[in-house]
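K.L.:
Chain by chain, the residues run as shown.
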Amino acid sequence: MMVQPRNLKYRVWTARIFMILFLCLIMFPFLMIISVSFRSGNFATGDLIPSNPSLEHWYLAFGIPWENADGSMTQPPFPVLLWLWNSIKVAFISTVLILLLSTTGAYAFARLRFRFKESMLTAMMILQMFPAVLALVAIYSLFDQIGSYVPWLGLDSLGSVTVAYLGGLALHIWLIKGYFETIDLSLEEAAAIDGATSWQAFRYVLLPLSTPILAVVFILAFITSIAEYPVASVLLQSMDNLTLAVGSRQYLNPQNYLWGDFAAAAVLSGLPISIIFLLCQRWIVGGLTSGGVKG
Amino acid sequence: MEADQKAQSPMTWLVWGIIGLIDLILLYGVTLMYAQEEIAFALIILLIVCTGTWVFISNKGYNYRYVFPALLGVSIFIVFPLIYTVNVAFTNYSSSNLLPLERVKLLHLRKTYKTDGESYNFKVYQQDSDYRILFISNKEADKHLVSQPFNETTIPSPLKTDFSPDLPEGEELPFRDTIKLRQTLKKLAIELPDSSELSMTSLRKFGPMSKIYRDIGHDTLEDVRNGNQLKPNYETGFYIEVPEGQPDSAGKQTGPGFVVYNGWDNFVRVINDPGIQGPFLQIFTWTIVFAGLSVFFTLVVGLLMACLVQWEPLKGNGVYRLLLILPYAVPAFISILIFRGLFNQNFGEINMLLNLLFGVQPEWFSNEFLAKTMVVIVNTWLGYPYMMILAIGLLKSIPDDLYEASAIDGASPIQNFFSITLPMIIKPLTPLLIASFAFNFNNLVLIALLTDGAPNIIGASTPAGATDILVSYTFRIAFGQYGQDYGLASAIATFIFIMVGVIAWVNLKATKRVLE
Chain A
1 MMVQPRNLKY
11 RVWTARIFMI
21 LFLCLIMFPF
31 LMIISVSFRS
41 GNFATGDLIP
51 SNPSLEHWYL
61 AFGIPWENAD
71 GSMTQPPFPV
81 LLWLWNSIKV
91 AFISTVLILL
101 LSTTGAYAFA
111 RLRFRFKESM
121 LTAMMILQMF
131 PAVLALVAIY
141 SLFDQIGSYV
151 PWLGLDSLGS
161 VTVAYLGGLA
171 LHIWLIKGYF
181 ETIDLSLEEA
191 AAIDGATSWQ
201 AFRYVLLPLS
211 TPILAVVFIL
221 AFITSIAEYP
231 VASVLLQSMD
241 NLTLAVGSRQ
251 YLNPQNYLWG
261 DFAAAAVLSG
271 LPISIIFLLC
281 QRWIVGGLTS
291 GGVKG
Chain W
1001 MEADQKAQSP
1011 MTWLVWGIIG
1021 LIDLILLYGV
1031 TLMYAQEEIA
1041 FALIILLIVC
1051 TGTWVFISNK
1061 GYNYRYVFPA
1071 LLGVSIFIVF
1081 PLIYTVNVAF
1091 TNYSSSNLLP
1101 LERVKLLHLR
1111 KTYKTDGESY
1121 NFKVYQQDSD
1131 YRILFISNKE
1141 ADKHLVSQPF
1151 NETTIPSPLK
1161 TDFSPDLPEG
1171 EELPFRDTIK
1181 LRQTLKKLAI
1191 ELPDSSELSM
1201 TSLRKFGPMS
1211 KIYRDIGHDT
1221 LEDVRNGNQL
1231 KPNYETGFYI
1241 EVPEGQPDSA
1251 GKQTGPGFVV
1261 YNGWDNFVRV
1271 INDPGIQGPF
1281 LQIFTWTIVF
1291 AGLSVFFTLV
1301 VGLLMACLVQ
1311 WEPLKGNGVY
1321 RLLLILPYAV
1331 PAFISILIFR
1341 GLFNQNFGEI
1351 NMLLNLLFGV
1361 QPEWFSNEFL
1371 AKTMVVIVNT
1381 WLGYPYMMIL
1391 AIGLLKSIPD
1401 DLYEASAIDG
1411 ASPIQNFFSI
1421 TLPMIIKPLT
1431 PLLIASFAFN
1441 FNNLVLIALL
1451 TDGAPNIIGA
1461 STPAGATDIL
1471 VSYTFRIAFG
1481 QYGQDYGLAS
1491 AIATFIFIMV
1501 GVIAWVNLKA
1511 TKRVLE
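So the protein lines, in turn, are chains A and W.
Number 295 marks the last residue of the first sequence (our numbering); no jumps.
Number 1516 marks the last residue of the second sequence (our numbering); no jumps.
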C-alpha cells in the first residue's frame, strides 16, 4: 500500500499550476505563428487574436494571388506547394530505398553467419555518429562529378539529394536488427525444415512479423528526410528545385522579410508532418527508446 | 552437380541476366571514366562491380548478398565522403582553384585572338532543323562560301565550307533569330577551302581567329604572338606568365588556378593565421559549452517533466504528454525559423512582450551573450521532449517498492529523486547523453537557420560569428557568400572527425558498460 503524505493535495496543485504555466511557455511559439498567419501585412504587430483577421497569407501560401484593398494584386512570393511536393518526393523515394537496404542488411546481421560480422556492426555504430554535415564538401564535389556522367544525379537535381540521403542507413540497420532479434527463431527454423531457402524464410516468415518496426523506420526516415537541411542546401540551387527545408529560409531574408507569409507557409507545411508524427508517436517513441538503449 | 541444377532454374537465369546487364552498364561507365582520366573513380567502380558480381553469383557469397547493398550504401555515402574530405584538406581546392590542371590548360588553349585577314558577313539559312551559313566576302561581293549543314546538337568541327554559285537551300533566317542562335554560332570553327580558320567575331561577322597558346610540353604553354610562356607553378596552383627570355621569378600569376596538393598548409593556417586561429579557438570553446549546456538543460527539463507526467496523482497526464511532445513533432527547421522571427529585434513578438512587461528590447542577434542565451533557450525547447521520452521509458523500469520504502522513512520528493531516481537511471542514460552531446556538437541546422553565426567576430579573416559552432563555421568557409575555401573547410572538418571519433569511442565504451 502506498503511503500518502499529508500535503499531497497541495503538492498536486502546485504541480498542476507549474505544468500549465510551462505548457503556456512551450505553446507560445505555435499559438503566435498561427496568429501571425492571419494578420494582414508582413510588418503589422498585434495581439494574440488578430483584430482584423485576413486570409492574405494563406492565399499566397496556396499559390493564389491576393487582391489588396486598393485593388493591386500581390503575387505569391515562393512556390510553397511545389517545395512541399519536392520534399515529399525526395523523402518518399529515399525512405523506400533506405527501408529496402536496411531490412535486408539487418536480416543478415541478426540471423546469418559470415566473417567480419561483429566488426562490421561496430563500424556501423561508429559511422552513424558521423553525420553527412561533416562531409558536405565531399558530397558537393562528388555529385558535381557524377553530374558530368549522369545529369539527373548532378548538382541542383532532386535525384542527387535523394541518393545522398541513403547515408542515413546505418542507424536504421541497428534499429531493425534489434527488433528481428526479439522475434522467435523457431518459426524460421520450421520453415527451413520444410525446405524454405533463407530468402523465403526472410520474405514470408520474418518480414510479415516485422511490420511494426518497418512502419517505425519508415516514418522516422521519412520525417528525417523532410526536415533535412544541410545537404539539400548545398546540392540544390534553383528556386523550383528546392525542398521545403531549404526554401522556407528565403522568407526571413533581412532584405525581404516576409514574416506573415512565412507564418502561413510554416503552418501549412508543418501541420501534416506534425500530425503524422503525433499519430504514430506511440510506435516512434517505442522504437526510439528500444533502439536507443540497445545502441 | 547441385550447382548445375541450381543454375538451370529460370529464376537463376533471370538473376544472372540482371547482374549481367548491370555489370555491362557499370563497365561502360568505368571505360568512360578511364577515358576521362578519372582513374581513382574507375578503379573504385570496377572493384564494386567485381565484388558485387561475386557475391550475387557464387554460393560462397550467399550470406553476403543481404549485407552487400547496405554496406555499399554505407561505404559510398558515409565512408567515402569522410576519406574524400580528409583528402581535400591537403589541397588548395577553393573557388579560385576549382579545376584540375588539365581543365585549366584546356581553357587557356581554347583562347583565341583576332588575326589579320579578310572577314565575312554572314547569313544563316534554315532547312528543317538544319542550318547552313552563307559567307559573303567584303572585298568581292560575288564570292560566296556555303558551309556544311549543322544543327544545335551535331556540329562538325571544323565546319567545312565551299565556294558555291548558288544560295543555300531553305529559308534565310531573320536577324532576330540569328541572334538567338548566337551561342551555337560562337562555338563554330569554320574552315575555309584554303584551310584557314574563321570564328564569330561580332553579331554580324565571322573573321579569321587564331589560338593564342600552343602546348610546348610539360604543361607549359607558349603565346604565339610574343613568345611569352605560361608555366604552371605546382606549389601555388597557378599558371605564371613569363615574358620571353626572363627568369620564372619575373612571371605574373594568371587565373584561373588549378588544384594542387599543398601538404599541411591548411592545418598550419588554422594554427598560425591569427585571423583563423583566434576565431577557431573561440568557436571550439563555444561548441563544447553549447553542446554541454544543451545536454544539461534538455536533461533537467526533460527529466522534470518526465517525473511530473509519470506521477500518478497528476491526472490527465496523457494530454500533458501529448502537448509536451509537440516541439519534437514539428520539423525542427520550421520551429527554428519561427523562433528566428519571434526573437527579431524590431518586429519580433518576444521583444514586443518584453517591452510591454518590462520596457526592454534586448538585441538578441547583435549582443554576443544574448545571442548565445537565445541559442541555448531555443535548443532546450527543441530538445527536452526527446530527453523526456527517454526518461519516461527509464522511469517505468524503476520498481515501485523503492519509493514506498522511502515514503515510510518520510523522504521528500527531492530526496527521492537524488537518492533513488537519478542513481537508477544514470547508467543507461549515459550513452544517450553522449549521443545527444555528439548531435549538438554538430547541430548545424540550429545555428545556420537561427543566427547564421551572428554576431560576427571582429578581425576574423574568414566569416566567423560568436554563435558559430565548428560545423557551421566550416559550412560558412566552404559554402559562404564570400569565396569558398574547400581546402580550409576540410581541414577543420578533419579536426571535427577526430573529435567525433573520440566521442563515438567513449560512447561505445559506455554502451558496453550498460549491456554488461
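One or more hints might be untrue.
[Said to hold, decoys possible] Calculated pairs, DSSO-like style, for lysine-lysine (alpha carbon to alpha carbon, straight line, at most 30 angstroms):
| hint | chain 1 | residue 1 | chain 2 | residue 2 |
| --- | --- | --- | --- | --- |
| 1 | W | Lys1180 | W | Lys1123 |
| 2 | A | Lys9 | W | Lys1060 |
| 3 | A | Lys117 | W | Lys1512 |
| 4 | A | Lys117 | W | Lys1060 |
It should be emphasised that the hints constitute simulated quantities derived from the structure, not laboratory data.
Only a predicted model underlies this, so the values are computations on that prediction, with no experimental measurement involved.
K.L.:
Does each hint fit the structure? Answer for all of them.
P.N.:
Hints and how they fare:
1. W/Lys1180 with W/Lys1123: Status holds; Cα separation ~13 angstroms.
2. A/Lys9 with W/Lys1060: 69 angstroms, violated
3. A/Lys117 with W/Lys1512: 17 angstroms, holds
4. A/Lys117 with W/Lys1060: 15 angstroms, holds
Figure legend: structure checked against the earlier numbered hints; the only hint not met is number 2.
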